[in-house]
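There are 4 protein chains.
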Amino acid sequence: MENNIKHIGVMTSGGDAPGMNAAIRAVVRACTFHKIKCTGIYRGYQGMIENDFEELNARSVRNIINKGGTFLKSARSKEFRTADGRKKAYDNLKEANIDALVVIGGDGTFTGAKVFNDEFDFPIVGLPGTIDNDINGTDYTIGYDTALNTAVEAIDKIRDTANSHNRLFLVEVMGRHAGDIALNSGIGAGAEEILIPEENLGYDRMIESLKRSKKSGKTSSIIVVAEGDRTGENIVELAEYIKANLEGYEVRFTVLGHIQRGGAPSCYDRVLASRLGVGAVDALVAGQRDIMVGVVHKKVTYVSFKKAIAGENEIDTDLIRVADIVSI
Amino acid sequence: MENNIKHIGVMTSGGDAPGMNAAIRAVVRACTFHKIKCTGIYRGYQGMIENDFEELNARSVRNIINKGGTFLKSARSKEFRTADGRKKAYDNLKEANIDALVVIGGDGTFTGAKVFNDEFDFPIVGLPGTIDNDINGTDYTIGYDTALNTAVEAIDKIRDTANSHNRLFLVEVMGRHAGDIALNSGIGAGAEEILIPEENLGYDRMIESLKRSKKSGKTSSIIVVAEGDRTGENIVELAEYIKANLEGYEVRFTVLGHIQRGGAPSCYDRVLASRLGVGAVDALVAGQRDIMVGVVHKKVTYVSFKKAIAGENEIDTDLIRVADIVSI
Amino acid sequence: MENNIKHIGVMTSGGDAPGMNAAIRAVVRACTFHKIKCTGIYRGYQGMIENDFEELNARSVRNIINKGGTFLKSARSKEFRTADGRKKAYDNLKEANIDALVVIGGDGTFTGAKVFNDEFDFPIVGLPGTIDNDINGTDYTIGYDTALNTAVEAIDKIRDTANSHNRLFLVEVMGRHAGDIALNSGIGAGAEEILIPEENLGYDRMIESLKRSKKSGKTSSIIVVAEGDRTGENIVELAEYIKANLEGYEVRFTVLGHIQRGGAPSCYDRVLASRLGVGAVDALVAGQRDIMVGVVHKKVTYVSFKKAIAGENEIDTDLIRVADIVSI
Amino acid sequence: MENNIKHIGVMTSGGDAPGMNAAIRAVVRACTFHKIKCTGIYRGYQGMIENDFEELNARSVRNIINKGGTFLKSARSKEFRTADGRKKAYDNLKEANIDALVVIGGDGTFTGAKVFNDEFDFPIVGLPGTIDNDINGTDYTIGYDTALNTAVEAIDKIRDTANSHNRLFLVEVMGRHAGDIALNSGIGAGAEEILIPEENLGYDRMIESLKRSKKSGKTSSIIVVAEGDRTGENIVELAEYIKANLEGYEVRFTVLGHIQRGGAPSCYDRVLASRLGVGAVDALVAGQRDIMVGVVHKKVTYVSFKKAIAGENEIDTDLIRVADIVSI
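Protein chains in written order, with UniProt numbering: chain A, 1 to 328; chain B, 1 to 328; chain C, 1 to 328; chain D, 1 to 328.
There may be inaccurate statements among the hints.
Copies of the same chain look alike in the list, so a pair counts if it fits in one copy or across any two.
To be verified - With a straight-line cut-off of 30 Å between C-alpha atoms, the simulated DSSO-like cross-links for lysine-lysine are: (1) Lys87 x Lys299; (2) Lys214 x Lys299; (3) Lys35 x Lys218; (4) Lys94 x Lys218; (5) Lys78 x Lys88.
To be clear, the hints were calculated from the coordinates, so they are not data collected in a lab.
None of these values were measured; they are calculated from a predicted model.
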């Protein structure tokens with residue numbers, strides 16, 4: 001089987017995540033190792049449709065392991081959702097003699113990959129690259145660890161100034177559907193409250209909790225709020241509500257936004273990306289396809305795209321208990 | 001004159017700033033050097049009124065030079081604005097045998113100090129500690145340099161992810177009355193536009209400028225907005241306006257908020273704080289009072305409180321030109 | 001069983017590690033949660049012998065989760081290796097009505113704990129706190145993740161300047177007996193060579209490898225060297241050897257030293273420390289003893305001290321292969 | 001005069017410094033602003049001799065303001081010290097129709113520029129880019145502020161772990177001839193001792209001072225040592241000496257090395273680089289040459305190359321006094 005693959009294309013797609021460059025680098029160098037030609041595809045599926053290709057070699061990817069973002073850029077492609085768009089993409093790959101693809105992204109990316117493989121029987125292996133850690137079949141996604149550190153470092157700075165009396169700080173972190181970033185960064189930053197979409201605590205319980213917190217001797221509070229939490233309509237409104245309903249508090253807010261998607265990747269994310277990049281090429285060389293490479297209990301593992309995107313994210317209830325205890 | 005001062009009180013007041021701890025440490029150790037007793041006053045003028053004092057020695061202030069915030073805490077005091085409040089404060093100082101004060105803060109702090117000195121003929125020397133760099137008689141205030149670095153590091157992370165097509169990021173930084181933080185951090189972060197209260201550009205010119213920017217080949221833009229800029233009502237509203245009036249742009253925003261007040265101080269702020277802390281005690285020992293210690297062209301200098309707070313902040317127009325040129 | 005434990009002592013011992021403060025905080029607050037009295041023991045076993053105790057409550061441990069080091073301090077104790085020393089320690093615990101201990105440290109700490117438990121039948125639970133990640137029964141030790149990030153951030157800076165022609169940088173990282181820090185930080189930092197005690201590559205192969213590297217088009221190289229590697233006598237000598245035996249290279253070196261033990265802990269280390277701290281108190285409350293709390297595949301688990309310290313560290317050979325491939 | 005310059009070459013030379021990229025970017029964009037063609041010269045004078053040129057436009061320099069190092073690379077050139085080498089360089093500039101040069105570097109760079117201008121009457125303006133801050137005619141050089149922050153952040157981490165009893169840490173920072181980095185980073189990091197080439201304290205006084213320090217209640221010490229200090233032969237030898245002559249201390253050392261040359265530039269260095277880059281092109285446009293652009297008391301100023309390189313560095317004795325007082 002091994003000799004079938006002579007030319008691999010690599011791309012990043014969807015929301016970018018720190019460590020994507022490290023993953024591309026590992027794919028390119030694993031190609032060099034296996035004596036396979038490697039071509040970078042710019043701007044994900046859209047670049048595939050628009051023939052935005054560039055040959056890469058081991059030297060093309062030097063000095064990028066520590067850079068946030070993705071030098072191949074990332075884009076969302078409406079056209080790839082059409083049969084016509086995918087046909088164009090396929091024709092371009094054939095024209096360029098690309099035999100197989102490594103795609104780095106999240107569930108949208110893998111859904112596209114699965115459809116493409118089903119239609120054209122084209123070998124694709126996926127790498128989980130997203131700060132949301134919401135992919136099945138891998139313990140961690142590339143970028144998640146970095147995003148947590150970024151959030152925690154930002155909240156640490158707020159903590160420095162929070163020591164005055166009766167101050168309340170709201171910090172919005174990413175997570176439209178899942179509270180993992182909020183829960184972990186909230187614990188990491190020592191937040192007094194953590195609001196997550198899985199709970200949507202509600203105004204009354206939040207206010208009660210803040211009152212208890214004050215009684216226990218706390219003179220200021222930090223509340224970490226996941227983007228997707230619906231305790232308030234949004235963070236501005238939430239801040240207004242608290243001001244109106246909790247006497248004697250000065251309320252301030254911070255919206256971290258895309259800060260969390262950038263920054264130099266953590267060592268964990270770089271090593272993970274390196275392992276998965278090598279693992280993806282190994283898999284293609286071994287004749288595998290239609291799978292995602294992940295890491296489970298520190299070992300590289302493989303899971304079908306179908307399973308990777310099937311998952312329901314479940315919040316770790318043990319960790320919610322830990323959050324409650326350490327914020328006493 | 002030198003032997004008059006036997007006991008100095010030190011406090012921080014107003015919004016806190018990185019480097020305040022380094023300043024307190026320098027004051028305390030300069031007292032040790034001059035064989036003067038030193039007492040820390042918690043929570044600024046309010047703690048002076050409430051007798052919230054603690055004796056400090058050289059060992060009390062170890063391991064704080066690198067900490068953000070202020071371990072003496074800071075508060076605003078309504079009571080100190082009343083003659084009664086100030087009388088209480090004076091009585092507490094007398095009771096504690098405190099001969100002189102070093103106050104670390106901004107213009108509000110110095111205004112209070114001036115009134116207090118006028119009323120009770122009490123020796124006070126001030127240190128400029130505020131991230132706003134809006135004090136006359138000093139080139140830099142303690143905390144300003146750190147706040148700029150914090151803002152720039154945050155925007156760098158956004159820059160990492162901004163490389164997609166047609167993305168526009170708004171980043172709100174501090175500065176209610178002055179655009180210095182926005183202008184400097186905007187240049188430092190390579191922002192495409194900088195909105196400052198001194199200009200209040202207006203919607204039309206901003207939209208025009210963004211259109212030009214796009215034409216010149218830029219595929220994404222970062223706009224740094226000072227809190228006090230009134231191009232839009234606020235950043236949420238500004239984002240909505242741009243979305244509605246600039247075709248084909250995805251708009252995202254970040255509010256840095258109090259992140260800018262925290263964090264480990266930069267080397268510059270620590271050295272500045274150390275110099276000014278020593279300078280303040282030197283001044284009191286030399287019989288000076290009713291002045292602020294600042295740094296002008298790398299030398300420690302003294303200016304009356306009256307002058308320190310009289311200033312109108314003027315934006316550096318040369319720097320606006322530089323901003324325009326480097327964002328071409 | 002639950003009601004047996006009324007008073008827990010907590011201490012840190014051995015080399016300190018980032019996240020120890022977060023672990024102490026979690027232990028103290030878990031005690032509050034379980035309505036158990038908690039006493040901090042300063043300077044590890046030595047403080048136990050010297051009765052250096054302080055009662056802690058939920059408020060005592062605020063604002064420490066982000067601090068490197070350990071506020072309870074850490075020390076090595078020769079006296080605790082004697083029966084007399086341990087007897088004194090035991091008497092002090094009894095005198096203070098302490099029923100059980102949580103000890104945070106590495107294999108030396110657990111060895112001591114095991115002996116103490118064997119002699120006095122005293123309930124002890126351990127937490128793995130060491131940057132070396134060399135403890136059996138846990139996937140990660142508290143501090144390891146932070147140390148890797150610290151090393152990688154430092155090497156990133158060297159990478160920035162390494163882009164001149166024919167420069168070679170040696171960077172010594174921690175690891176007297178194990179190459180894990182070198183291997184992971186080396187991959188993370190994109191090092192061209194990684195020298196670890198498990199291999200002790202030897203001069204000739206190292207020089208050969210550097211020559212190949214140069215031929216492949218690399219214009220500069222970073223070599224990460226574990227403290228315990230014996231390819232050279234030490235890093236100074238290694239630098240000299242390369243200078244003498246590899247033509248046309250400028251050689252520079254950096255010794256990271258204790259930089260790796262400090263710094264604000266990463267989010268991962270803080271969450272790990274929080275989970276394990278809560279897990280330790282849970283275990284004592286449930287009547288367990290003579291065990292270490294660890295994390296295995298993201299779940300809190302327990303292992304006997306005997307097993308925790310029995311381990312031989314084995315280097316991950318898959319990861320060595322990844323290192324070889326990504327440095328092509 | 002203004003129309004004489006139609007084409008500017010820009011290069012970096014000597015030891016690299018954080019902010020050099022920001023300076024290049026500013027030069028390139030100021031050229032765009034003035035409608036002047038701009039060409040990047042790789043590897044300094046050596047690239048000038050080897051015709052290693054690339055045309056640059058405003059888009060070529062995007063996303064580099066935050067990167068350490070210099071994308072034009074830097075090299076030392078022996079050949080440029082010969083008349084032949086300089087002739088080749090001149091011919092290449094003429095061939096490429098380059099009318100003027102902006103050179104970014106230190107005293108070696110300016111010495112070369114001066115010679116070249118004298119020989120060929122070629123318009124050159126210099127920018128001070130070096131971490132050493134040892135250039136006359138400017139308050140600060142590009143990169144100095146960042147190097148101080150890097151040193152201080154590293155020492156902060158050591159401070160975290162230094163809290164055990166009787167530990168002594170030596171940290172070697174850059175500065176072969178000047179103690180400015182050591183003095184400022186030592187104050188910033190709260191070092192107990194600072195050893196600089198301007199003083200070369202000597203063993204006896206250092207040991208005496210450490211003994212006093214211990215008596216005053218300090219339980220551990222950090223000593224910052226400038227590379228060029230000759231209290232000991234080198235840091236390894238110094239560590240051995242202290243171990244042998246100061247009872248009861250554990251001694252550890254760290255060599256920061258080239259870490260100090262890298263890293264993302266501070267906001268100050270980026271703004272400085274932006275101002276000076278614009279100022280350099282302004283100067284050439286105005287017909288100036290044979291000068292360096294610097295900043296004096298916050299204003300852009302010009303000084304002849306002759307003066308820029310004539311200077312004797314003098315250590316700030318006031319700052320030495322501050323260092324002594326705050327380390328009490």
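Structure-based check of each hint:
no.	hint	result
1	Lys87 x Lys299	neither (36 Å within a copy, 45 Å between copies)
2	Lys214 x Lys299	neither (45 Å within a copy, 33 Å between copies)
3	Lys35 x Lys218	between (61 Å within a copy, 19 Å between copies)
4	Lys94 x Lys218	neither (64 Å within a copy, 32 Å between copies)
5	Lys78 x Lys88	within (13 Å within a copy, 55 Å between copies)
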